[in-house]
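Protein chains: 2
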Amino acid sequence: MFTILPTKGFIDQIDGFFCDGIHAGLKPNGKLDLGFIYSDTLCDVDAVFTLNKFQAAPVKHFQRYEKGFKTNFVLINSKNANALTGQSGIDNIDKVFSSLKFDLTNPIMSSTGVIGNPLPVEKIVSGANSFNLSSKNGDNLSKAIMTTDAYPKTSLYEVKLEDGSSFKIGSVAKGAGMINPNLATMLCFICTDAAIPQEDMKELLEANSHTTFNAISVDGDTSTNDTVLLLANKKSNTYNKEAFKEALRLVMHDMAMLMVADGEGAKKAVAFEVNGALNDQEAEIAAKALSNSLLVKTALFGEDPNFGRIASTIGASRVTCDENTLVISYNDVIVFNKGEICFDKAQEAKASQVLKNDKYKVICDLGIAEGKFTAYGCDLGYKYVEINADYRS
Amino acid sequence: MFTILPTKGFIDQIDGFFCDGIHAGLKPNGKLDLGFIYSDTLCDVDAVFTLNKFQAAPVKHFQRYEKGFKTNFVLINSKNANALTGQSGIDNIDKVFSSLKFDLTNPIMSSTGVIGNPLPVEKIVSGANSFNLSSKNGDNLSKAIMTTDAYPKTSLYEVKLEDGSSFKIGSVAKGAGMINPNLATMLCFICTDAAIPQEDMKELLEANSHTTFNAISVDGDTSTNDTVLLLANKKSNTYNKEAFKEALRLVMHDMAMLMVADGEGAKKAVAFEVNGALNDQEAEIAAKALSNSLLVKTALFGEDPNFGRIASTIGASRVTCDENTLVISYNDVIVFNKGEICFDKAQEAKASQVLKNDKYKVICDLGIAEGKFTAYGCDLGYKYVEINADYRS
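In order, the protein sequences belong to chains A and B. Just so we're aligned: the first sequence equals residues 1 to 393 in the numbering used here. Just so we're aligned: the second sequence equals residues 1 to 393 in the numbering used here.
Note that these hints are calculated values from the structure, not bench results. Remember, predicted model here, so these are calculated numbers, not experimental data. A portion of the hints provided could be inaccurate.
Copies of the same chain are indistinguishable here, so a pair counts whether it falls within one copy or spans any two.
[Unchecked claim] Calculated pairs, DSS-like style, for lysine-lysine (alpha carbon to alpha carbon, straight line, at most 27 Å):
(1) K267 - K383
(2) K95 - K345
(3) K53 - K338
(4) K136 - K123
(5) K383 - K359
(6) K372 - K361
(7) K95 - K31
(8) K245 - K160
(9) K53 - K361
(10) K27 - K345
(11) K372 - K53
Construct the complete structure from the given sequences, taking the supplied hints into account.
In structure tokens, the structure reads:
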């Protein structure tokens, strides 16, 4: 038995964690662009990283540390991804850390922004040396790591165990053009004072990735910088694996859903629920095909219940399916039922009403077997084009 | 030895073929929406069809005929795909043909348009019964089969053989939102008076698909209706396999390139040329990843030489690659060279100039081995969203 309580505030509410964000001159107009997470004791750390073959310099830099290393500092910049920058990109990270005035142990860097530009070392060093490591300003940190995000993404929970002990777990993250997960850097930093054993950290990170960040395809087709980092300072002296796993799942789900809802230019957060597939793998293939289909996304933007595009996308995904067992509905409004088109004016009007909502489900029951998966996506409109046609400028 | 001469005109220039297009009331405002191809002798026929699991009724109807059947009539409608319409969709095609006043042998139907609407049998029958089978109006046919196409797509060649004999081969096609090949119906009807043996037809259709229609991903991720049909009436009494194969390749390449150039809202036709891959398969994976990447397409629309998105898309495609052997260029302007960023102001200006063109190459040499493939795509802009947000209306 345990209880998980959503809690107001940022990761700085967790005992021993400090953070802040400043303007170091990477973004124009005084926008925050450099932040840190500092722990006053050494933390166990683990992470899951991008599958992109061109891993960014900060990802390679992290992997140079010995397995099971401890750290007390994470430096995060936006506007420059330090990707495709080769050995000099890694050397620049060392330059940054060797120029900082603080006493740091195995410092970690994380970057997001434009690929293929050298890291502005001087700006970052002078900015970072102005940090106050004893400040607790999660709000500034959450803004400093944003790129095209419309709003900051944070989450915090307190977990109370049967014996009266408790621990906290919280997160700060940035998403991006989730309308096309391809290349959309997502960074997620999770802090906890739970006394989690080192060996549980990677296991629970990976166990929860599949239904959260993977469900928005971030890992499937992924940027050069994607990172989910877990820092544990163990200050609570308490831990329960089941409770921690569920709390971690909630934190990661919160972040994933915020990323979808904040897809570049997106107005709709849509759950693509595929049931009745041959197996869970085929359900996932079909659900992700739907969440990635341009023609589906533009129809959702147009609030057009164009279920033909839904069916055709499933068929194009080549999973086992049959139009005589297929059922398609928007929330509870069935528009196609086992070979029968249910789309008279009345039904079309009901479906159109569903599509006017900010959040709804597109449900496809393939009627083949028991496989199921839910992918999360959003609509695609003019704003997405506007943002991405001139992202560098 | 043979010569292949591009020729003015339509498929109706080929001996024995007749065609026309009319307004049958499927499209608004008197637009042409129903057409036919008629041959005054029986033709050998073969086709390659969509790989979509939900094949449209006309595709299933064709496949009911016995292998090696002959035909003299193809009926083509736009605005309604007759897809997801089950057995009644096939029955409706039989209803149409049984209601026509003409003497037809194994008539074929082909449809494109909205999925999941019953075929308007009466309109099509009354329209088709007004056809004049002796008319030669390829211009009208090419317009009648258009959906979101901005312009008609036709091609015609005369092939002269050493012995002085000659034959013709021509085509009429319609494309669609090639910016996202997913669901974009493409129909291509190829007519010839070459005396091609039945057994060569499918072989040569498939042999030429890979570098033409497959290179624009139409077969990889495909609509419910995609069809490439080859009709041969043999009236020229001459044939040369090598010459026919090359002429067929030219016709199919012409149609594929016209489809890319006419991508919904597209202003740029871009060749994504991947060289130096581990093998041709990996080159194809990388090239198609580029031609399908939203972030690449929107950057091209913005005329932004954002080569970081090019590199990251290749890395995300998981093919064998290494930034220290990778070379990226826009036409002959190298922007990334084996780990070195070549992107000072001067070089960026040169690259930007290339991106102002209507047609150019994005060339990625992976520097791994000899594998190569060229995929064809286009940019993605506001117009694409506008077209697809209200396609049904």
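Results of checking the hints against the structure:
1. Proximity of K267 and K383 under a CA criterion of 27 Å is satisfied in both settings, with 10 Å inside one chain copy and 19 Å between copies.
2. With identical chains, the CA atoms of K95 and K345 are at most 27 Å apart between copies only, with a shortest distance of 26 Å across copies and 66 Å within one.
3. With identical chains, the CA atoms of K53 and K338 are at most 27 Å apart between copies only, with a shortest distance of 15 Å across copies and 42 Å within one.
4. When the C-alpha separation of K136 and K123 is checked against a cutoff of 27 Å, the pair qualifies only within one copy, where the shortest distance is 23 Å, while the shortest distance between copies is 71 Å.
5. In this homomeric assembly, K383 and K359 come within 27 Å of each other (Cα to Cα) both inside a single copy, at 19 Å, and across copies, at 26 Å.
6. In this homomeric assembly, K372 and K361 come within 27 Å of each other (Cα to Cα) only inside a single copy, at 14 Å, whereas the closest approach across copies is 42 Å.
7. In this assembly of identical chains, K95 and K31 lie within 27 Å of each other by CA distance solely inside one copy; the values are 24 Å within and 67 Å between copies.
8. When the C-alpha separation of K245 and K160 is checked against a cutoff of 27 Å, the pair qualifies only within one copy, where the shortest distance is 13 Å, while the shortest distance between copies is 74 Å.
9. In this assembly of identical chains, K53 and K361 lie within 27 Å of each other by CA distance solely across copies; the values are 23 Å between and 34 Å within a copy.
10. In this homomeric assembly, K27 and K345 come within 27 Å of each other (Cα to Cα) only across copies, at 19 Å, whereas the closest approach inside a single copy is 51 Å.
11. For the identical chains of this complex, K372 and K53 are inter-copy neighbours only, at 19 Å across copies versus 30 Å inside a copy, given an alpha-carbon limit of 27 Å.
The structure fails none of the hints (numbered hints given earlier).
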